[in-house]
Amino acid sequence: KPATSLDEYEGEDREVVEQIIDLIDTRVRPAVAADGGDIVFKHYEPRTGVVFLSLHGSCQGCPSSTYTLKAGIENMLKHYVPEVVKVEPII
73 KPATSLDEYE
83 GEDREVVEQI
93 IDLIDTRVRP
103 AVAADGGDIV
113 FKHYEPRTGV
123 VFLSLHGSCQ
133 GCPSSTYTLK
143 AGIENMLKHY
153 VPEVVKVEPI
163 I
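Just so we're aligned, residue 73 is where the sequence shown starts under the numbering used here, counting upward by one.
Hints may contain errors.
When the alpha-carbon atoms are kept at most 30 Å apart in a straight line, the in silico DSS-like pairs for lysine-lysine are as follows [claimed, not checked]:
hint, residue 1, residue 2
1, Lys-142, Lys-158
2, Lys-150, Lys-114
3, Lys-158, Lys-114
4, Lys-142, Lys-114
By construction, these hints were calculated from the structure, which means they are not laboratory data.
Keep in mind that this is a model prediction, so the values were computed, not measured.
Could you build the full structure based on these sequences and the hints that come with them?
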């Protein structure tokens, strides 16, 4: 399933969001699904470079989820998508 609709983004912002969603769908989601969780892209704020993600399933409320979000997912997104400055969870 797609992480979100791209309708609200245009031009370069849309390309950035497409990259973010692709990375989440191909690299992140399979890993968290193996542990019984899921992760969903919610929003990208182009002015600040912040990506908002929502954790579900066993990831929701897991003590390791914050570490996974910051150390794993944030670092990967920043590496592949230079426009990303940080990742924030939506609870």
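To see whether the hints hold, each was checked on the structure:
1. Lys-142 to Lys-158: This hinted pair holds, its Cα atoms lying about 8 Å apart.
2. Lys-150 to Lys-114: Holds, at roughly 17 Å.
3. Lys-158 to Lys-114: holds (14 Å)
4. Lys-142 to Lys-114: holds (16 Å)
In this structure, every one of the numbered hints holds.
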